[in-house]
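> Heads up: the protein sequence lines correspond to chains Z and F, in order. Count the first sequence with this note's numbering and you get residues 167 to 379, in order. Count the second sequence with this note's numbering and you get residues 3 to 677, in order.
Calculated from the structure, these hints are not laboratory results. Treat each hint with caution, since some may be false.
[Stated by the list, open to error] Derived lysine to aspartate or glutamate pairs resembling EDC-like cross-links, with alpha carbons at most 20 Å apart:
no.	chain 1	residue 1	chain 2	residue 2
1	F	Lys581	F	Asp408
2	Z	Lys232	Z	Asp272
3	Z	Lys232	Z	Glu285
4	F	Lys546	Z	Asp294
5	Z	Lys255	F	Glu485
6	Z	Lys350	F	Glu491
7	F	Lys663	F	Asp365
8	Z	Lys181	F	Asp489
9	Z	Lys322	F	Glu485
10	Z	Lys191	F	Glu288
11	F	Lys593	F	Glu450
12	Z	Lys181	Z	Asp248
13	F	Lys640	F	Glu288
14	F	Lys172	F	Glu355
15	Z	Lys181	F	Glu491
16	F	Lys428	F	Asp408
17	F	Lys144	F	Glu203
18	Z	Lys181	F	Glu490
19	Z	Lys191	F	Glu450
20	Z	Lys350	F	Glu450
21	Z	Lys322	F	Glu203
22	F	Lys428	F	Glu497
23	F	Lys546	Z	Asp248
24	F	Lys643	F	Glu355
25	Z	Lys255	F	Glu494
For clarity, every value in this text was computed on a predicted model and none was experimentally measured.
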Amino acid sequence: MLSFTSCIELIDDIKINNDGSGTLKYTVNLSSSKVKVNSILALDSVNGVRVPSISELNERIADFQKKLDAKTGISNVTIESDFEDFIFKLRCDFTSVSALQAAIKDVVRDELRDKNVPELDAIWLNWDGQKLVRSIPEITVKKTTEFQQEDIALLKQGTYTSITRFERPVDHFDNGSAQISANKMNVMIKTNPHALSQNTSLLDNTIYLTPLK
Amino acid sequence: MPCRKTHHFWTTQSILHHSSKIRGYFRIFASQSVEPYKVIRRPYFQLILALLFTSSALDVFGQAMTEVNPTTKSETLIPRDAVTVFSLNNISLLQKISLDDLVRYEFMEEVQQELFDGSTTGKTLKDSGIDFNQKLNVFYGKGQNYEVSGFTLGIKDKQDLFVVFDDFEKEEDLYPGIEFYSSYFNHLFIKGDAALLVRVEPNMDKIDEVTDSIWYARGNENPYYNEAYDDFDMEGDFEFEEIPEEDTDPTDDELEEDAIEGFLDEENILEKNYYELRDSVQVMLEMQYLSALCEELFVDRVNLVNSDSRFAEQLTHTSEGIFYLDNSRNLQKAEGMWYMQTMFPSLFEDMKELYTGNVILGDLILNQASVEFKMEVRYGEELGSIYQKMNDSKFDKDVLKYIHKDNTAFFSYNVNLREAYEQAYKVIMPILSSEKNARMSTNVLTIELLNEFINKDALFGTYKGSMFGTFNGIQKIKTTKIEFSYDEETFEYSEREVEAEEDMPIFTVGFSTERADIPDKVLKHLSRLTSRFKNMGTYWVYEKAILDAADLYMINTNGLFIFTNDADLAMRHANGYGKEALSKKSAKRAKKSGFMYAHIDWARAIERFPRDFFSDRENEIIDAMRGKTGTMELTSSKTSKEKTNLSLVYNYQGVYDNSGKYLLDLLNSIYVISK
């Protein structure tokens with residue numbers, strides 16, 4: 167459905183605790199396209215692609231939540247679905263970034279019903295206690311390259327916000343487009359889904375923290 | 003791709019049970035990875051398409067052509083079973099645009115390549131052997147037993163014609179003076195200078211009926227019952243064996259080998275299974291129906307022209323094309339009528355009589371700056387009396403106040419449901435009452451009681467039957483969206499609802515009513531049920547009623563009950579647009595029309611298409627159409643007991659020799675851009 171939607175807002179928000187555990191929040195906001203989304207949901211199919219019903223979407227969301235919650239190192243998984251404004255919020259706690267990545271890989275592989283997805287082998291989060299190296303999963307980029315040109319053009323109107331939070335102040339970071347919050351503990355990068363599909367390294371960042379006292 | 007098992011089945015049965023020709027058909031089908039329809043029909047539809055494109059014709063070529071009197075006219079080969087016919091008057095067409103001009107269009111290249119099997123080698127439609135001095139007639143008919151479709155045309159040069167019809171094989175001539183050719187399930191008959199290409203397809207119900215009859219008469223069990231189901235454990239786990247896919251499609255030879263193996267493997271090789279029998283029945287029925295059609299056409303010399311004087315008269319018109327649709331036969335032979343025919347035979351006969359004479363006749367006329375499609379809807383006197391009463395309704399002038407002068411499209415529909423109801427009651431109730439049947443008597447009694455008890459004044463006063471509608475293109479409408487705002491200190495975000503705009507088609511639909519109090523009662527009750535339903539004084543609003551985002555407005559005034567999503571109309575023009583309403587000239591045309599009027603401004607519609615809704619490619623096509631579009635107007639005459647006339651006129655702007663060239667230019671622009 168995302169590929170049929172003109173204006174989309176994505177927020178990925180990850181908090182890394184000093185011990186490497188943390189919380190991931192992922193938000194999809196389609197409220198500015200709700201007329202279009204509602205009109206799509208009223209159809210059986212669009213461009214030959216079957217449109218799921220709201221109950222089917224709810225089922226799939228619940229299934230995703232159940233699968234993720236069952237993974238080692240993942241807990242407190244919640245997904246809020248607002249089918250009035252079309253806002254979807256995922257939240258989960260993780261014991262380590264490697265546990266988070268492994269869980270996401272497993273669930274995505276299961277969802278795609280394909281065990282052989284090489285893009286999932288990549289590491290997009292790396293935490294050594296002093297610095298965080300982050301990028302975006304290659305699978306996301308692969309999906310956007312599969313979009314039709316006109317769908318990609320529509321994504322230009324969207325926004326993608328990536329926020330990384332820590333328990334102690336940030337010393338410095340590599341990505342020149344990133345901003346640091348006034349309390350020095352959070353880093354944010356804003357772009358749009360189209361720009362991201364054209365340049366996947368836009369969100370790449372290595373964030374160095376001040377030494378642990 | 004059909005599975006190998008299917009190939010095996012088709013080929014086996016073809017070898018066992020059919021003539022060599024039919025066997026050939028099945029082998030070809032079996033080896034094709036596409037549907038038979040695509041194999042069979044495409045080239046001939048391309049030909050029809052090419053000839054329909056000729057719907058615009060010449061000064062040079064037409065005048066140069068010499069009028070000849072063919073020995074057989076193409077229209078005399080139209081079977082009587084044809085219920086719908088579209089006939090192109092090539093002579094008239096070719097006076098508007100020449101074949102020389104036509105074949106130069108880019109889109110014709112593809113059509114001609116299709117006709118001449120990919121390589122035109124300098125050949126054009128002109129080399130197809132078709133006699134453009136004769137009419138081209140495309141027909142279709144569906145009866146209770148079979149469907150018949152095809153076309154008839156004149157022949158100038160038989161040799162050239164068979165370059166186009168190159169997959170047809172000569173068959174034994176069955177009727178004196180008639181040459182017979184076949185290709186798959188298509189049959190070509192040539193009589194003198196005219197040809198009939200026809201396809202007869204038995205209806206599935208008929209095939210099943212005959213097959214079942216033979217199958218059970220032979221002492222067979224239910225063909226759909228499978229003994230394997232007896233051992234099926236419904237409680238157990240399901241296990242499926244994966245069947246590896248074939249690397250390559252089987253060749254014709256492989257298929258034949260499979261068929262022979264299958265033939266030898268069969269336990270009872272002399273007994274057809276149900277599906278083999280069914281296919282044999284289908285082939286035999288097709289032959290039987292085709293034979294009956296040919297007997298009637300070539301031996302009895304009965305065709306649609308000499309069996310229906312209305313069609314014969316229509317053919318005398320000098321318009322560029324004529325249209326014929328016999329609705330009464332559609333009713334009589336409709337599959338759905340089978341129940342009525344069986345259960346209530348006398349009622350069926352009465353209904354048939356009621357529908358006698360129900361026919362639609364049409365003319366396509368290419369004028370200097372417009373294309374016109376005139377239709378005459380004819381019916382029998384009794385049915386006509388209902389239509390006449392229904393359409394005898396005064397135009398509701400109040401609707402004009404609510405149609406904006408800059409609208410994209412609008413329609414008005416004026417009927418008097420009360421009068422129509424009373425007349426229908428008078429005509430139909432005696433027919434229903436005469437049926438000696440307990441069930442029908444109960445229905446008649448129910449209708450009579452309802453007629454007595456229902457307050458018809460209130461019912462038909464609330465909904466008189468007249469209505470109007472407008473479409474004002476796509477507009478930005480106010481909606482709300484959720485916005486995330488970030489705190490600079492922590493980048494924590496919070497949600498807030500803000501105003502937004504989205505594209506939405508703007509429409510208005512209104513009904514004439516004498517009882518504003520009744521819709522008002524409904525609205526008041528609804529407002530008690532939900533706070534989203536509000537009385538705003540001059541109008542009502544149902545918030546977020548459309549797609550959970552846009553408001554729906556209701557205006558109950560001036561004898562009209564209006565639904566719209568146009569906030570401007572509801573908030574500022576609840577009593578009408580005043581000076582911004584439809585111009586007097588346009589209003590006069592709408593008022594002058596009979597029970598129906600419609601107007602579409604294509605140029606304005608295209609201007610108002612939101613570019614965001616379409617891809618870059620689609621926008622290019624839309625851009626190509628800008629300046630090459632016009633207006634479309636549907637008008638109707640006063641309804642009499644015998645007929646109602648309808649006229650659909652497409653007017654265009656720009657300088658063109660005639661509308662034929664205009665249409666071809668428009669088609670060509672779209673073709674070139676979308677190529």
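> Determine for every hint whether it applies to the structure shown.
Going down the list of hints, with the structure as the test:
no. : hint                   : result
1   : F:Lys581 with F:Asp408 : holds (12 Å)
2   : Z:Lys232 with Z:Asp272 : holds (13 Å)
3   : Z:Lys232 with Z:Glu285 : violated (24 Å)
4   : F:Lys546 with Z:Asp294 : violated (51 Å)
5   : Z:Lys255 with F:Glu485 : holds (14 Å)
6   : Z:Lys350 with F:Glu491 : holds (8 Å)
7   : F:Lys663 with F:Asp365 : holds (19 Å)
8   : Z:Lys181 with F:Asp489 : holds (16 Å)
9   : Z:Lys322 with F:Glu485 : holds (17 Å)
10  : Z:Lys191 with F:Glu288 : violated (67 Å)
11  : F:Lys593 with F:Glu450 : violated (36 Å)
12  : Z:Lys181 with Z:Asp248 : violated (24 Å)
13  : F:Lys640 with F:Glu288 : violated (45 Å)
14  : F:Lys172 with F:Glu355 : violated (44 Å)
15  : Z:Lys181 with F:Glu491 : holds (16 Å)
16  : F:Lys428 with F:Asp408 : violated (44 Å)
17  : F:Lys144 with F:Glu203 : holds (9 Å)
18  : Z:Lys181 with F:Glu490 : holds (17 Å)
19  : Z:Lys191 with F:Glu450 : violated (67 Å)
20  : Z:Lys350 with F:Glu450 : violated (84 Å)
21  : Z:Lys322 with F:Glu203 : violated (53 Å)
22  : F:Lys428 with F:Glu497 : violated (65 Å)
23  : F:Lys546 with Z:Asp248 : holds (16 Å)
24  : F:Lys643 with F:Glu355 : holds (15 Å)
25  : Z:Lys255 with F:Glu494 : holds (15 Å)
Comparing the model with each numbered hint stated earlier shows that hints 3, 4, 10, 11, 12, 13, 14, 16, 19, 20, 21, 22 do not hold.
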